[in-house]
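J.: From just these sequences and the hints, can you work out the full model?
Listed in order, the protein sequences are those of chains Y and E. Residue numbering for the first sequence follows my numbering, starting at 1 and increasing by one per position. Residue numbering for the second sequence follows my numbering, starting at 557 and increasing by one per position.
Since the hints were derived computationally from the structure, they do not count as laboratory data. Since we're looking at a predicted model, the values are computed, not measured. C-beta: ideal position from N, C-alpha, C; glycine also. Fair warning: there could be bad hints in the mix.
Claimed, not checked - Reference excerpt, derived from the structure (chain Y facing chain E, CB under 8 Å, subset only):
hint, residue
1, Tyr120
2, Ile124
3, Pro125
4, His129
5, Pro304
Claimed, not checked - Straight line, CA to CA, 16 Å or less: simulated EDC-like cross-link-like pairs of lysine to aspartate or glutamate:
hint, chain 1, residue 1, chain 2, residue 2
6, Y, Lys296, Y, Asp308
7, Y, Lys287, Y, Asp552
8, E, Lys633, Y, Asp303
9, E, Lys633, E, Asp576
10, Y, Lys309, E, Glu632
11, Y, Lys287, Y, Asp268
As the list claims (entries may be wrong) - Residues on chain E that point at chain Y, a partial pick, calculated with CB under 10 Å:
hint, residue
12, His580
13, Ala581
14, Gly582
15, His586
16, Leu590
17, Arg593
18, Pro625
19, Gln630
This is what each chain is made of:
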Amino acid sequence: MNETLTGAQITVRLLERQGIRTVAGIPGGAILPIYDALGQSTAIRHVLARHEQGAGFMAQGMARATGETAVCLASSGPGATNLLTAIADAKLDSIPLVAITGQVPQAMIGTDAFQEVDTYGLSIPITKHNFLVSSAEELLEVIPRAFAIAASGRPGPVLVDIPKDVQTQAIEIAGWPEPGKAAPTPAAEPASIAAAAAMIDAAERPILYLGGGVVHSGAAPLAVDLAEKAGLPTVMTLMALGAMPVDHPLSLGMLGMHGARHTNLALDECDLLIAVGARFDDRATGKVAAFCPQAKIIHIDIDPAELDKIKAAHVGIVADVGQALAELLPAVATRARPAWTARIAALQAAFPPALPGCDDPRSHFGLIRAVAACLDRDAVVATDVGQHQMWVAQAYPLRRPRQWLTSGGLGTMGFGVPAAIGAALAEPDRTVVCFTGDGSILMNIQELATAAEESVNLKIVLMDNASLGLVHQQQTLFYGERLFASQFRRTPDFVAVARGFGISAVDLDQAANPCAALIDAISRPGPCLIHASIDVEQKVYPMVPPGAANRDMIGA
Amino acid sequence: MNASLPAENQRLSRAVLRIDVTDHAGVMSHVVGLFSRRACNVEAILCLPAGDGRHSRIWLQVEDNPRLPAMIRQVEKLIDVQSVARCDAGIFERLSGLAAG
Ligand SMILES: Cc1ncc(C[n+]2csc(CCOP(=O)(O)OP(=O)(O)O)c2C)c(N)n1
Ligand SMILES: [Mg+2]
Chain Y
1 MNETLTGAQI
11 TVRLLERQGI
21 RTVAGIPGGA
31 ILPIYDALGQ
41 STAIRHVLAR
51 HEQGAGFMAQ
61 GMARATGETA
71 VCLASSGPGA
81 TNLLTAIADA
91 KLDSIPLVAI
101 TGQVPQAMIG
111 TDAFQEVDTY
121 GLSIPITKHN
131 FLVSSAEELL
141 EVIPRAFAIA
151 ASGRPGPVLV
161 DIPKDVQTQA
171 IEIAGWPEPG
181 KAAPTPAAEP
191 ASIAAAAAMI
201 DAAERPILYL
211 GGGVVHSGAA
221 PLAVDLAEKA
231 GLPTVMTLMA
241 LGAMPVDHPL
251 SLGMLGMHGA
261 RHTNLALDEC
271 DLLIAVGARF
281 DDRATGKVAA
291 FCPQAKIIHI
301 DIDPAELDKI
311 KAAHVGIVAD
321 VGQALAELLP
331 AVATRARPAW
341 TARIAALQAA
351 FPPALPGCDD
361 PRSHFGLIRA
371 VAACLDRDAV
381 VATDVGQHQM
391 WVAQAYPLRR
401 PRQWLTSGGL
411 GTMGFGVPAA
421 IGAALAEPDR
431 TVVCFTGDGS
441 ILMNIQELAT
451 AAEESVNLKI
461 VLMDNASLGL
471 VHQQQTLFYG
481 ERLFASQFRR
491 TPDFVAVARG
501 FGISAVDLDQ
511 AANPCAALID
521 AISRPGPCLI
531 HASIDVEQKV
541 YPMVPPGAAN
551 RDMIGA
Chain E
557 MNASLPAENQ
567 RLSRAVLRID
577 VTDHAGVMSH
587 VVGLFSRRAC
597 NVEAILCLPA
607 GDGRHSRIWL
617 QVEDNPRLPA
627 MIRQVEKLID
637 VQSVARCDAG
647 IFERLSGLAA
657 G
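T.: Shown next as structure tokens:
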């Protein structure tokens with residue numbers, strides 16, 4: 001029997017059929033029909049954010065923690081513009097997102113109507129694709145397609161802008177389209193796999209270089225298998241942390257700007273670099289001409305535009321990295337590489353990773369280690385952006401893909417708290433910890449209200465140096481110590497602020513036994529803010545100065 | 557920039573791309589914007605309906621520079637783009653009289 005439904009009801013029904021169970025957003029005039037329909041849905045839980053950017057990052061947190069496409073909603077005009085940063089962030093980190101925005105009625109588009117903004121035009125450069133829907137009928141095609149595009153190939157955000165008259169238009173529905181899902185990926189060329197295997201077998205000093213694509217394609221176990229079989233020391237980008245457990249004997253940890261010195265020096269000596277789901281980002285490579293100068297390159301990526309973009313590959317393979325690794329694995333020889341392993345051990349001994357103070361919970365590294373000691377590999381670790389982010393990347397023992405949520409490509413302050421809330425909503429059985437800074441937390445502090453309302457199991461560790469620490473560091477090192485606009489002359493009482501939002505808070509500065517206070521705070525369910533002062537003079541070291549080669553690191 | 561001298565004009569090399577797309581309101585801004593956002597000047601544009609009317613063919617004349625192949629790969633990734641090919645400049649040479657008038 002045919003049903004007559006409005007565009008709004010169709011939209012909600014299509015979301016339900018996609019398997020969406022939680023969405024985050026904020027209503028407003030131009031999206032009220034959809035909210036009215038959403039209110040009738042028993043399948044979908046709506047989480048009311050306090051700022052649309054928060055809603056966007058909550059959806060990102062859900063998507064990053066689970067790998068499934070997540071949904072955020074906003075009204076037209078300021079609602080849509082507030083979403084943009086979270087969408088751009090998802091684009092740069094290849095996170096599958098469907099953002100649904102209300103738009104003024106079609107008859108009013110282009111008239112500078114109240115809360116009209118060209119959401120379609122604004123979102124072109126920051127989405128994988130976008131739609132302006134012109135009829136209720138079209139929704140039946142556009143919504144499943146939006147999900148298919150978001151999840152297919154290299155994932156990314158898709159925006160669907162729906163004018164209000166399309167939401168209220170009623171049509172008869174004869175049947176429903178299949179939910180949109182990821183399209184099958186093209187298989188790697190057998191000849192390229194064979195060529196890559198031969199290069200791996202012939203290499204004396206190979207390194208496996210894992211990027212976020214390994215996490216996105218669910219290929220982390222295969223990457224570890226390949227490393228073990230072919231004896232490949234392995235580096236990870238910021239986005240790939242957790243793909244190989246840090247304490248795996250073949251793990252060299254993070255490469256690049258704030259990687260360990262021995263890691264970057266090993267790359268300097270390698271004769272083969274096997275890049276998997278990585279894009280040779282400048283924070284990873286340093287000065288490109290000096291990156292792995294002696295190495296041949298195998299580059300495996302789902303996105304053909306990534307091959308030869310920064311570095312020409314000797315063998316380029318366009319394929320889902322999981323499929324390619326599965327084909328590569330039986331093709332490579334089992335090999336131990338005693339000389340190379342010994343050389344790497346020597347580099348590690350000569351330049352041991354320096355985590356000063358890691359036994360003192362009142363120091364930055366010690367705090368991170370003390371938090372980690374309260375948790376296991378099931379925990380989710382989110383960060384904001386700044387020194388604290390890099391310290392956590394260096395010191396937290398990440399052991400599981402999708403354990404680590406951080407804004408890599410866009411480096412967006414304000415990412416941490418809402419993304420962590422999203423992860424906690426999507427995976428309520430896990431403890432989620434968010435390391436944030438006193439600058440970053442203020443960029444989405446309003447979401448503490450959402451955390452309280454939803455009672456998410458979220459522990460926010462606020463590393464408070466009363467400054468924009470990473471800026472302070474850059475000015476100290478590269479701008480003649482001329483500190484300007486990087487120190488706060490007045491800082492909030494964050495413990496009181498958190499309590500004011502209705503979440504419990506503890507100040508480690510005041511605790512006689514900070515470790516005991518941490519264990520107590522982390523083991524209690526529900527949201528909690530843990531405040532700790534950090535010495536503003538601490539730097540993120542070692543560091544590749546801007547424009548320098550990775551071998552020329554400074555500090556520690 | 558001021559109109560360049562004829563001699564200078566000769567030296568700048570150009571590429572003409574033929575791009576087949578699905579036709580809808582946003583497709584031109586997706587395609588053209590991809591070049592302009594990368595600071596690549598689009599010097600000539602032609603767009604005509606093709607085949608069944610649900611498709612269009614776009615010709616673009618752009619500056620040929622070492623970054624062009626990377627830009628073409630990005631254009632190929634656009635959801636509404638079916639194919640991109642380099643072609644000769646004949647189409648715009650035949651039209652050049654229009655601008656003179
Ligand atoms: C939205 C946004 N604005 C500005 C920046 C530039 N920026 C990078 S790190 C940083 C300071 C971060 O301060 P805080 O959150 O306190 O972290 P800390 O470095 O002190 O650990 C700034 C301003 C940014 N990354 N994101
Ligand atoms: Mg700070």
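J.: Now tell me if each hint is right for this structure.
T.: Cross-check of the supplied hints:
The criterion of a C-beta within 8 Å of any C-beta in chain E is met by tyrosine 120 of chain Y, whose closest approach is roughly 6 Å, and the hint holds. At about 6 Å, the closest approach between the beta carbon of isoleucine 124 of chain Y and any beta carbon in chain E falls short of 8 Å, and the interface hint on this residue holds. With a least beta-carbon distance of about 6 Å to chain E, the hint placing proline 125 of chain Y at the interface is held under the 8 Å criterion. Of the supplied interface hints, the one on histidine 129 of chain Y holds, with its beta-carbon coming within about 4 Å of a beta-carbon of chain E, less than 8 Å.
At its closest, the beta carbon of proline 304 of chain Y sits 6 Å from a beta carbon of chain E; the interface hint therefore holds under the 8 Å criterion. The hinted pair formed by lysine 296 of chain Y and aspartate 308 of chain Y meets the criterion: a straight-line CA distance of about 13 Å does not exceed 16 Å. Proximity of lysine 287 of chain Y to aspartate 552 of chain Y is assessed by CA-CA distance (about 10 Å); at most 16 Å being required, the pair is judged to hold. Proximity of lysine 633 of chain E to aspartate 303 of chain Y is assessed by CA-CA distance (about 9 Å); at most 16 Å being required, the pair is judged to hold.
A C-alpha spacing of about 12 Å is found between lysine 633 of chain E and aspartate 576 of chain E, which places the hinted pair at or below 16 Å, so the restraint holds. Between the alpha carbons of lysine 309 of chain Y and glutamate 632 of chain E the distance comes to roughly 14 Å, so the proposed pair stays at or under 16 Å and holds. For a cut-off of 16 Å, the pair hint linking lysine 287 of chain Y to aspartate 268 of chain Y stands: about 12 Å separates their Cα positions. For histidine 580 of chain E, the suggested interface contact is upheld, since its CB lies about 9 Å from the closest CB of chain Y, less than 10 Å.
Because the beta carbon of alanine 581 of chain E sits about 7 Å from the nearest beta carbon in chain Y, less than 10 Å, this interface hint is met. Annotation: glycine 582 of chain E was flagged as interfacial toward chain Y, and the flag holds, the nearest CB pair being 6 Å apart, inside 10 Å. Hint on histidine 586 of chain E holds. Least Cβ distance to chain Y is approximately 6 Å, under the 10 Å limit. Look at leucine 590 of chain E: its Cβ gets to within about 8 Å of chain Y, closer than 10 Å, so that hint holds up.
Look at arginine 593 of chain E: its Cβ gets to within about 6 Å of chain Y, closer than 10 Å, so that hint holds up. Interface hint status for proline 625 of chain E: upheld, as the beta-carbon distance to the closest one in chain Y is roughly 8 Å, under 10 Å. Of the supplied interface hints, the one on glutamine 630 of chain E holds, with its beta-carbon coming within about 5 Å of a beta-carbon of chain Y, less than 10 Å.
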